[in-house]
Structure formats: structure tokens, C-alpha cells
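Student: These protein sequence lines are chains G and X, in that order. Using the numbering used here, you'd call the opening residue of the first sequence number 631 and step up by one each time. Using the numbering used here, you'd call the opening residue of the second sequence number 83 and step up by one each time.
The set of hints was computed from the structure by calculation and includes no laboratory data. In this text, a Cβ means the ideal position worked out from N, Cα and C, and glycines have one as well. A few of these clues could be false.
Stated by the list, open to error - Partial list, derived from the structure: chain X residues whose beta carbon lies under 8 angstroms from chain G:
1) THR126
2) LYS158
3) THR183
4) PHE368
As the list claims (entries may be wrong) - Across the chosen pairs, the derived CB separations fall in these ranges:
5) G:LEU769 <-> X:GLN266: 54 to 62 angstroms
6) X:ASN121 <-> G:ALA657: 34 to 42 angstroms
7) G:ARG733 <-> X:GLY112: 25 to 33 angstroms
8) G:ARG733 <-> X:THR300: 30 to 38 angstroms
9) G:THR834 <-> X:ASN121: 46 to 54 angstroms
10) X:GLU153 <-> G:LYS817: 46 to 54 angstroms
11) G:GLY643 <-> X:GLN199: 17 to 25 angstroms
12) X:ASN121 <-> G:LEU769: 57 to 65 angstroms
13) X:GLU303 <-> G:LEU754: 49 to 57 angstroms
14) G:GLU945 <-> X:GLY191: 47 to 55 angstroms
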Amino acid sequence: MTRREGSAFAGLGVVFTKEFADQLSGARMALLVTLIVLTAAGTVYAAIQTIRNVVGEDPFLFLRLFTTAKEPLPSFVAFMGFLLPLLGIALGFDAVNGEFQRRTLGRVLSQPIFRDALLFGKFLAGLTTLAMVLGAIWLLVTGMGILLTGVPPSGEEVARSLLYLLGALAYGGVWLVIALFFSVLFKNPTTSALAAIGTWLFFTVFWGMIAAGLAQAIAPVTYGFPEEVLRQAQTELMLARVAPNTLYSEITLALLKPEVRALGPVLPVQLQGMVLGTPLPLSQSLLMIWPEFTGMIAGMVIFFTLAYVLFQRAEIRA
Amino acid sequence: MMAAIETQDLTKRYRSLVAVDRLNLRVERGEVFGLLGPNGSGKTTTILMLLGLTEPTAGQVRVLGRDPVREPLAVKRRVGYLPDTVGFYDELTGRENLRYTAALNGLTGRRAEERIQALLEQMGLLEAADRPVRTYSRGMKQRLGLADILVKDPELIILDEPTLGLDPAAAHEFLELIGRLKNQGLTVLLASHLLEQVQRVCDRVGLFRKGRMDLVGTVPELARRVLGGAYRIRVEAEGEGLREAMAAVPGVLHVRPEGSAWVVEAESDLRPALARVVVQAGGRLFGLELGTPGLDEVYRAYYGEVQHDAA
Ligand SMILES: Nc1ncnc2c1ncn2[C@@H]1O[C@H](COP(=O)(O)OP(=O)(O)OP(=O)(O)O)[C@@H](O)[C@H]1O
Ligand SMILES: [Mg+2]
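Just chain G, same shape as in the assembly:
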């Protein structure tokens, strides 16, 4: 029998293939995809109703499909800001402890693969699934846009929307890794699901308030100078950026609204010489969100490393 010599990635492809197939065939996945597709179709349809009358005037009509909200529905990107964490968590919360519960972990880890190959294979499978779902949604939105407005997107619009998709993937990926981490930390999938959803709620609902409070404590406004106010606002923004949802909204804003020239508070003096309302070139928009993007990647790396360290030393008593 021929046998491969064991590299660190022995078995990675095998794990990936199996996990990916599992993800695609699961009932969980069907449910979430249905939810997301309905949401996407609904919000984009509503957006089209609103922007119909500006066809021909707005150079970025296609991008408006993503960002326009029509009361009482939030915009497509806002909905995704809410659904992507859910999808990421759903794809990862029982990745490791689920195998524990099914008593398959001992059997799998007595095969000649490293533990990181198992973990990384599961992560890659989740991320690929996310990418596939996002790709399908993009096609859906684009198709609807062309059909209902009759205007094809420009090259730059396609580029911007695809880059947004990449940001959305990173955002969903962060939550996937966080869920993966909890699935290593807790032996029970219910617990890890609750922990992941709790973390998400914390960042979505409470972190904004906490960041504001902390900013007041760190950079108080004593005399009311504009510099003081600005410093506080900047501190608050820095703190808010710990939350993945802040990073996601900034990426969304910069990529899908080309007229946005800066993220966060700016002094009027910084705006001098700029023509307000003129769109920023794509390269400038990209430059602006580069830190946000790397921040999300860093978040993924940190949580993956934590999960890896925990898992590496865990006792596998089936």
C-alpha cells in the first residue's frame, strides 16, 4: 500500500472535501440560504422601487441596490450585517464538539492527520460555503438589477460590489472562526451556539454604548475645545472598531458609497480643497478601508490560533 509521508497538511484536503459536502447537504444550510435569498430578493426589490425615478441620473445606480433602504425594510447591506454572523455561527458552532458528541472525534484523530489539519479543513469548508452563498446572492442581486432597471452595472460598480463581497466574506469568516473557537472551548454544541450568539449580541447591542462610555472616561471633554471633542470621538471610534460589525459597516460605506471621503470624525480643515460630493476613485476607497480589512483578518487569525492551542492539548476521551 502506498502511503504519503505526513506533512502538516496530510489529510487537509480529505477533511475539507467531506466537511464541504456536509455543509452543502445539511438541513441547516438549506434553511439559512432560503432565509438569505428571500431577504436579498426582498430588500433589493424594495430598493429598486425607490431608485426607479433616478435611473439615468445616478452614476452608481447599481450600488444603490445594495445600500438603499425603504421603510420599514432596512437596506440589503444592513440585513447582511445581521445575517452573515448568523450564517458564520451556524456553519461553525458545532464543528468540533459536534464530533465529540457523535463520538467520531477519537476515531478521526486516531487516523494519521494532525489536529490542525482537521480544524483548518473545517474552517476552509465553512469559508468556502460562505463564499458560495455570497457569490450566489451577488448573481441574484445583479440579475434583478439588470432586469428591473434595465441598466447594466459599470466596470467600477462590478469591481466595487465584488470587493464588498470580499469584505462580507471576511466578516462572516470572523464569526465562523469565533464559533469554531467556542466549539473547541465548550463540550456541548448548545452551549457553544449560545456563547457565539451572546458574543454577537454583545457587539451588536452593547458594545456601542460601552465604547461611548469608555471614550468619555479615557478622553473627557473638560473645556469644550473642538480638539477635545474630536479626540473623544476618535477614541470612541477606535474602541468601536473592536466590534466586527463596525468594521463591516465601514467597509460597506467606503466601497458602496464612492462619495464617502473619510471614515469617522474629521475637522473642517481636513476637508479643505476637496470637492464635496465628487466620488472617490476606487483605489482611494480601497486604501481607506485597508486597515478595517486587515483588522478582520487579524481577528480570524487570533481566534483560530486560540482554538488551535486549546484543541492541540485537549484530551480526546470519546
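Fit chain X with the ligands to the supplied structure of chain G, relying on the hints for placement.
Tutor: Below, chain X with the ligands without anything else, positioned relative to chain G:
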């Protein structure tokens, strides 16, 4: 030749609890070795350390000459492990589950299919092979588990309580399979507390107690050590002064009445000598029966002492 398993002062501590205490175990190649002991005596913990599924607190392990902590893949490529509660991916079929294991071992394509087919046949699972494992009975899962560890064509297999939850017929069949594997040259390490079964298949056994393995050997050896005599001869006879006469025979260790008969513990098979003294003493002899003491007797005597220790 290098031993299949060799440990040196292997120790596992969970906080204050010593689960395995300075274990020195040596299992030769081609041998069927039984780890025996009551619940919580450290059998499973020992097995996990042999596979690198938990880290030893102290001591050395060599499995097929390799260190499972330093070179886990080299060990896992050649060792099959059946956990005490084996689980499969329920929604996949038996065949698909085996295919995954084969792929993880770098075995794919036609060769994998042929091997899987042969193993399913050997385990009597051909009919169920393409049904989801969800629909399998406990015994079928256990046999699938055995097929699963054989996919990689291992040199050593480690089975933790392999007959747990099997009915007597299924357990018997399972042990037959293990016996056949031994004949194919495999080394088997088996943890169990079902004595009669262990006795049937194991060449040697090691008795665990509170994390220590103080007694190792073949069943007759252990019987001699724990019970004093390896041979028990049941003498059915009537007459005066038989007990004294039999006790005087060289090699007899102990004589005690049991019902209407006598049980003689002896160092060797003394049936002819006993028959002679009974007749010489004027007794009437109805029967002589040699019974080697079973493992359950050894076990009861050995762990009975422990309970006295503890009380
Ligand atoms: N993760 C753990 N933390 C603390 N103690 C543990 C842990 N795992 C096992 N133990 C203890 O270690 C001891 C040995 O357990 P082990 O599972 O090896 O016993 P065993 O001989 O396999 O028993 P059984 O026949 O019930 O399977 C037990 O006292 C058990 O309570
Ligand atoms: Mg056990």
C-alpha cells in the same frame, strides 16, 4: 525484535488523582494482550496515552518503536483504535464512513474500494453497507468499527471494551474475529472487564488496580500467583481420613471440602497420585476432575483483597 508496545514508568495525573501510576507494560508483536480491571482503574487512560490522544504526565511510551507524542502520524498510520463508544457519521452509509477513513490514510480510488468491499464482507456487513449508519444496530456498528480500524491495514489494534453492549452470540462472534486477526499476525491490545472473554482470546493479561498494574502473565501464571495453586482437582470420594492422606501427597498445597467432594489445590496435575492414595486409604472413588481456575476466580480473589484494603 522490538516490542509492539513498551512503556516506562508511564504516569497520568488529573490534579490530585493518579489515573495511571508508573506503568511498565510490554506487549510483544503478534500477541493478544488483555488489560483487565474494574471501572476507573486506568485502562482507557493508558490507551489514550498510547495513541497520543492525551499527554502523559511522566514516563516514556514506545508504540511500534515510535513515540506517539513526538511522531503521532508515524504511530497512527500503523495502529488502529476502536474507542469504547465508537461513533460514526450517522447520515453517511457504512461504506462512506469507511471511505473517509481510507482517504484520511491516503488510500483512495479502486484500491480503497476493493479493500472496503473485502472488509465489509469479512465483517458480514455487505447487505447493510449502503444504508445510513443511523439504521445500524449496536452490534453492526461495532463490526463496522472493526472494519474501520482494519482499513489502514494496521500492525497493532487497540480495542477498548469491544464487546460492550453486545449480546452473547454477537460477543462470541466478535471474539472469533479477533482470534482470526491474531492468526493473521496482528498484535491486539484489548481492555475489558468481561473475564471469560478475555480469558478466551488473550495470550497474557495485566491486572489493573487503582492505576497500577502489579500482575502480568498468562491466566495459569496469575492463578498460581494469586490463588497459590494453578491446578484444582475435584475429588469425589468417600472414606475415612482422606483429607489427611491427600494433603500428604507431595505437591499438594491445600485440601478443602466442597459439598460431598474435596477440592485439592496442587502445583501440577496430581490426579494419578490422588487416585492412588484414595484407594490405598480404603476410600471409594467416584470421580476425578481437573479444573484450571478461571480468570474470574483470580479476579475475585485479587480485587477482593483490594476491597479489604479499602475497608
Ligand atoms: N478528564 C479527567 N479528569 C479527571 N479525572 C479523570 C479524567 N478522565 C478520567 N479520570 C479518572 O481517571 C481514572 C481512570 O479512568 P479510566 O477511564 O482510565 O478508567 P477505566 O479503567 O477505563 O474504567 P472503565 O472500566 O470504567 O472504562 C478514573 O478514576 C477517572 O475518574
Ligand atoms: Mg474505560
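Student: All hints, please: hold or fail.
Tutor: Structure-based check of all given hints:
no., hint, verdict
1, THR126, "7 angstroms, holds"
2, LYS158, "4 angstroms, holds"
3, THR183, "6 angstroms, holds"
4, PHE368, "54 angstroms, violated"
5, G:LEU769 <-> X:GLN266: 54 to 62 angstroms, "56 angstroms, holds"
6, X:ASN121 <-> G:ALA657: 34 to 42 angstroms, "39 angstroms, holds"
7, G:ARG733 <-> X:GLY112: 25 to 33 angstroms, "30 angstroms, holds"
8, G:ARG733 <-> X:THR300: 30 to 38 angstroms, "34 angstroms, holds"
9, G:THR834 <-> X:ASN121: 46 to 54 angstroms, "48 angstroms, holds"
10, X:GLU153 <-> G:LYS817: 46 to 54 angstroms, "28 angstroms, violated"
11, G:GLY643 <-> X:GLN199: 17 to 25 angstroms, "24 angstroms, holds"
12, X:ASN121 <-> G:LEU769: 57 to 65 angstroms, "58 angstroms, holds"
13, X:GLU303 <-> G:LEU754: 49 to 57 angstroms, "54 angstroms, holds"
14, G:GLU945 <-> X:GLY191: 47 to 55 angstroms, "35 angstroms, violated"
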